[in-house]
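On the provided structure of chain A, position chains B, C and D as indicated by the hints.
Chains A, B, C and D, in that order, give the protein sequences. So for the first sequence, this note's numbering puts the first residue at 1; every next one is plus one. So for the second sequence, this note's numbering puts the first residue at 1; every next one is plus one. So for the third sequence, this note's numbering puts the first residue at 1; every next one is plus one. So for the fourth sequence, this note's numbering puts the first residue at 1; every next one is plus one.
If a hint is listed, it holds; no wrong ones were tucked in.
Which copy is meant is left open, so a pair is good if it fits within one copy or across any two.
With a straight-line cut-off of 27 Å between C-alpha atoms, the simulated DSS-like cross-links for lysine-lysine are:
id	residue 1	residue 2
1	Lys294	Lys308
2	Lys307	Lys294
3	Lys46	Lys238
4	Lys2	Lys93
5	Lys46	Lys93
6	Lys46	Lys2
7	Lys214	Lys46
Since the hints were made in silico from the structure, they are not lab data.
Protein chains: 4
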Amino acid sequence: MKRIGVFTSGGDAPGMNACVRAVVRTALYHGVEVYGIMRGYSGMIKGEIVRLDTTSVANIVQRGGTILKSARSQRFQTKEGRQAAFDQLVNHKIEGLVAIGGNGTFTGAELFEREFGIPTVGAPGTIDNDLFGTDYTIGYDTAVNTALEAIDKIRDTADSHDRAFFVEVMGRDSGYIAIPCAIGGGAEIVLVPETQQSLESVIEQLQIGRKRQKSSFLVVVAEGEEEGNATHIATQVKEAIPELDVRVTVVGHIQRGGAPSAADRLLASQIGIAAVEGLINGMRSVMAGIVDRKLVYTPFHDCITRKKPINQSFMRMMEILST
Amino acid sequence: MKRIGVFTSGGDAPGMNACVRAVVRTALYHGVEVYGIMRGYSGMIKGEIVRLDTTSVANIVQRGGTILKSARSQRFQTKEGRQAAFDQLVNHKIEGLVAIGGNGTFTGAELFEREFGIPTVGAPGTIDNDLFGTDYTIGYDTAVNTALEAIDKIRDTADSHDRAFFVEVMGRDSGYIAIPCAIGGGAEIVLVPETQQSLESVIEQLQIGRKRQKSSFLVVVAEGEEEGNATHIATQVKEAIPELDVRVTVVGHIQRGGAPSAADRLLASQIGIAAVEGLINGMRSVMAGIVDRKLVYTPFHDCITRKKPINQSFMRMMEILST
Amino acid sequence: MKRIGVFTSGGDAPGMNACVRAVVRTALYHGVEVYGIMRGYSGMIKGEIVRLDTTSVANIVQRGGTILKSARSQRFQTKEGRQAAFDQLVNHKIEGLVAIGGNGTFTGAELFEREFGIPTVGAPGTIDNDLFGTDYTIGYDTAVNTALEAIDKIRDTADSHDRAFFVEVMGRDSGYIAIPCAIGGGAEIVLVPETQQSLESVIEQLQIGRKRQKSSFLVVVAEGEEEGNATHIATQVKEAIPELDVRVTVVGHIQRGGAPSAADRLLASQIGIAAVEGLINGMRSVMAGIVDRKLVYTPFHDCITRKKPINQSFMRMMEILST
Amino acid sequence: MKRIGVFTSGGDAPGMNACVRAVVRTALYHGVEVYGIMRGYSGMIKGEIVRLDTTSVANIVQRGGTILKSARSQRFQTKEGRQAAFDQLVNHKIEGLVAIGGNGTFTGAELFEREFGIPTVGAPGTIDNDLFGTDYTIGYDTAVNTALEAIDKIRDTADSHDRAFFVEVMGRDSGYIAIPCAIGGGAEIVLVPETQQSLESVIEQLQIGRKRQKSSFLVVVAEGEEEGNATHIATQVKEAIPELDVRVTVVGHIQRGGAPSAADRLLASQIGIAAVEGLINGMRSVMAGIVDRKLVYTPFHDCITRKKPINQSFMRMMEILST
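So here's chain A without its partners, still in its complex pose:
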C-alpha cells in the first residue's frame, strides 16, 4: 500500500483531530503517503482531497472538532455516488482508507468495500460510546466530562434555590453518557433507555426525598429516554408535585466540542496507529478498538449489528449512592 486516504464522518467528536494526526504520522512513519478527504463521503465524491504531511497535523492534537470536516452525503447512498467516489480515489491513486466515525460511516464503508474493493479500517469516533468492538469510543470521555462540568454548575444553582433540575445529556439510544454523569454529579435519579423506570416511580422517588427533607434534586435524563425528553418529563413531574420548583437544562451541542481529555487523546492516538497498521497488514472492513486495554479489530458487520450492553452494576450503584 503506497497511498491511503483518511476522513471523518458523522457527528464530530473531540479527539478526531488527535486520531487524524496519528493516522498521518503512522502512515509517514511506514513510508505510506496519506491524503485527507474533506467532509467525509461528500468530499470523496467531489474530489476534495488534499495531501497531508507531518506539519499538516502539527498542533492539532488538543483541538476539538475535525480539521477534515464532516458532512452527511445522500449521494453516497446511491450506487452512482459510490461509483463517483471510487473514481476519485482511483484518480488520486488512493489504495486504502481510514474512516473515523460511527455506525453510519462503517455501514457505508462496508458496502463500498464490497462493491469496489477499496479496503477500509475504521476508527470509532463518536461521543455516544454505542459501538460494539471497543470499550470506549473517541470523544466519549470528553463528552462525559463536559456534561459533568455543566452538572456541577447547575448543582450550585439547584442547591442555592432548593430546586429540582432535570438535565438532559446526549447519548442517542443509550445511557452511556447519562450514567457516569448521574453517579459523578451526585444525582438522585437517572433516566436511561436501557431501563424501564416509569414516570410514576420518578415521582415517587421525589416524594420520598421531599419527606426526608431533601430540598434540591438532580435528575439526569438521556436524550433517547423512552418516557420523553427532559422537558416533557419535568412538565409531568410539575403537574404531579406542583409545589416543586422545577427547571430544565439541555446540555446540548457543547458536549461535542472542546479540547479532548487525556484519555481521548491517548485512545485516539492508539487507534489511529492501529488503523493504519491494520490497513498496511491487509485488513479490511474492520474497526480498530481497545477492549480490556488490548487492541482488537472487529468486523464492521459486528460493530454495526451487535449491541454493546451497559454495565448493569451501574444501576445498582445509583441505588446505593442516592441513598
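This is chains B, C and D only, laid out in the frame that chain A set:
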C-alpha cells in the same frame, strides 16, 4: 451598630459567597456581630437566622451558588409579611442589613426601610449586569466567561459541519452578556434587545456571508431579544434559507454556576467590605458599587429606576470584526 | 459487622471525597454505621473520630482534597502507636476499616491487622497509578488531565517563542503520568524512569529536530527520572546546544487538586462500594481495584510488593507520533 | 495610509491573537492593506513579512500565544539593525505599524519613529499589567484567572494536609497578579514588591494564626518580591517554624498561555480597533489603552517612564479578609 444581618436574594450568581465572606469578616474586623439570614426575605420572615463567625465563611470564596441560599417570598410583598420579618430582626437584635441581590431585592429593602426603619446597604449580585450604580455586577464576569466557553465548544462543531448555530445566552432585557460573547466568540451576528435588528437583516447578512463562501456561522441571541428566542429565530431563518444547516443551543442555567472568576471574587470582596462599612457609617437604602474603579454608593431608588445603557461602541465593534 | 471506620492517608488525590461518599452511603445502605477517622493513622491514635451520616457526604463528590484530611504518622510505625490506635477503635466499637491511600497506607494496615486483628479493605487513592491490583488508581485520570492542561498552555508559549520547554510532571518512580501527557500534549520527547534514554540521545533528538527546521520543542520529564529532574536536564541540554532557548516548568502540586474527572468519580464510587461490601463479606488486608473493567480484590502484600509495568507500546507510540 | 504592518513582541500574552484579528479586520474595513511581521523586530529586519486577509485571522480569537510569534532582537538595538528593518518596511511599502507588546517593544518603536519616521501605535500586550496608560493590559485578566485556578487546586491539598503553601505567581516588579490571586484565593498573606513587609512580620503572622488553631496557610508571593522568591522565603520560614509543613509551588509559564478570558478578548478587540484607527488618523508613538472604560492614547514616553501605582486599598482588603 452592634449586630447586622446578611442575606442573598433573587437569582444566585457566582461570587455571592465571596461577598458573604467579605461581609462577615469586615463586620468582625470592626467588632460587629453578624448573622446569616437563610433564603432571603423568606427566611427572614421565618426566623431562619444563624450566627456567623470567621470560620463559617472559610473556604467559600471559590464556590458558586450561595451558602445562605436564595428564594422568592410572596409574603414579604405584604405588609403582614414585612411585619413578621421585622419582628424576627428585633428578636435577633439585628440593627442593619446587607442585601446581596438585584432589582427585586432592593425594591423590597427600600420599602422595608421606609416602613420599619431598618437600614440596608445593597450589594449588586446578579449575572445580568443590568443595575445602575455599578459598572459590573457580581457574577457577570463569570457568566460571560461560562457562556463564552460554551460558544468556543460550539464553534468547534459549527466549523466541522459547516453549520449556522444560534446560541442563546442569558441577560434578561439586555445584551450585556450577549455582546462580549459575540465579540469574544467571533460571532457573525448578535441579536440584543437594545438594537432594532430585524429578522430580515439577519437573513440578509447570512445570505451575503454564504455568497462570500463562508460556510459556518455563529449567531448569539440574548434571551430578551424582541424578535423572539433563539429557537424561534432559527426556525424562521431555516424557512428563508432552507439549504442552511441550522442548529440551536440554549446555554441556560450553567451560566449561573461555577467557581467565580478572579474579577468577580475581587469585586465581591470590595463590595462586601464597602457594604458593611457603609452600614456602620450610617448609610441606608443605598447600593455599594464600583464605577470607574472607584467606590460609589447609589440610592436604591436610582438603581431600580435608572437604566444603565449599553456601550454603543460595541455594536460598531461587531460590524468591524465580523467583516 | 455493625460499625466501620473510614480514613484517607498519604498524599491526597482527587476523587478521595467521592470514595468517602460511596463508603458512607454503602455502609448505611447495608445498615452498618460508619465513622470518619480524621488525618489517617494520626487521628486514629488521637481518637479524632466522628460519626458520618448521609448528609455528611452530601455535595462532596466533586470536591478535590479530602474532607477527612490526611497526615503522616511516625507514631503508628511503633507498636505503642498501633496499640493506641487499636484502643481508640475498640472504644468507638469500630470493627473494620476502609483505608483510602497508597503503598504506605496498606503496609501499615496489613501490619495492624496481623497484630490486632482489625480487618481492613483498601481503596487505591493516589495520583501516581503505581499500585498493582488496579488498572487505574483514584486521582490518576484527574492528575493527568491537569498536567495536560498545563502543557497545552505551555505549548502556546513555546510555539510563540520558538523555545524548548522541559516540563516536569509528577509520578514518583514511574512514567504513568508523563507518558499520556507526552502523547496527548504532542511532545517530542518523554523521559521516564522505566526507560534508559540517555541525555546524549535527548540532545541528539533535539539536534535532528533543529536540522529539520523544527523551532519549538516540548520535553516531558517524569519527576523520578534517573537522569535528574527537568531543571538539571535542561541545564545540560543548554550547555550542549547554547543557541536553544530553553525553559523549565514544574507543574507541581496543582496535579493533586481540583475537581475529580468523571472517570475518577466513577472509579472512586465503584471502589468505595466494593470496599465496604468486601469488608461486610469478611475480607481483610485486600485492596479493591478494577482490572479490565472487572472488580478484583488483591492482597495488600501483592499490591505493595509487585510492580505494575508500564505498557511498553506507549514508548513505540511516542516514536511514531513525534515523527 | 494604504498599507500597515502588525507585529507582536516581548513575552506572549493571551489575547494577542484577538488583537491581531481586530487589527487586520479594522484595517480591511477601512480599505487599508495589512501585513503581518513575524517574530517582532527580528522578523522585521529579516523581512519575514506576510500579507494578511480576513481569513488569515479566522478562528484565532480564542487561541493563546500569537500566530505572529514573538522574539527578542539584539540587532534592532543597533542603528544598523533598525536601518535594515526600515529598508524592509520600505520594500514592502508599509507606512505604519501596530506594535503589540510592552515596555521594551514601545521603547524600540519610539526610537525607530524618531530615526526613520515610521509611525507606530502600540497595543499593551503583556500579562504583567505594569503599563501606564491603560487600566488593564491584554492578557492580564487571563493570567490572573490561570494563577487563581492553580491556587484553588493547591488549597485543596493545603487544607487536606494542614500545610503552609508558598505560591509564586508572575508579575515582574509589581503585585498586580499577586494581589487579586491572594484576595480571590483566600490567602492569609501576600508578598509584593510595592510593600515593605519583612520576613519577620510574615513569620509573626503565621505564628499568630497557629495560635488561633489555623492549620493551613496560603502565602502568595510575587516573583519580583524583594525578600526573595517563594523558595527562599519558604526556606527561612521553615527555619523559624520547624514544625510547620511547608511547600512551595511556582505557577510559572502556564500563566502566559491558554484561551484568553472574555475580558481579555474584548479589551484586545477594542484596542486593536483603536490602534488602527489611531494610525489612520495620524497618531504616532502612542499606545491605545482603556482608562475608566474610555479609550485613551498615551505617548510611548509616558507609558515607559511613568509608574502605574497599585491600588493601595487592596492591601487594606487583605488585612480585613484574612482576619
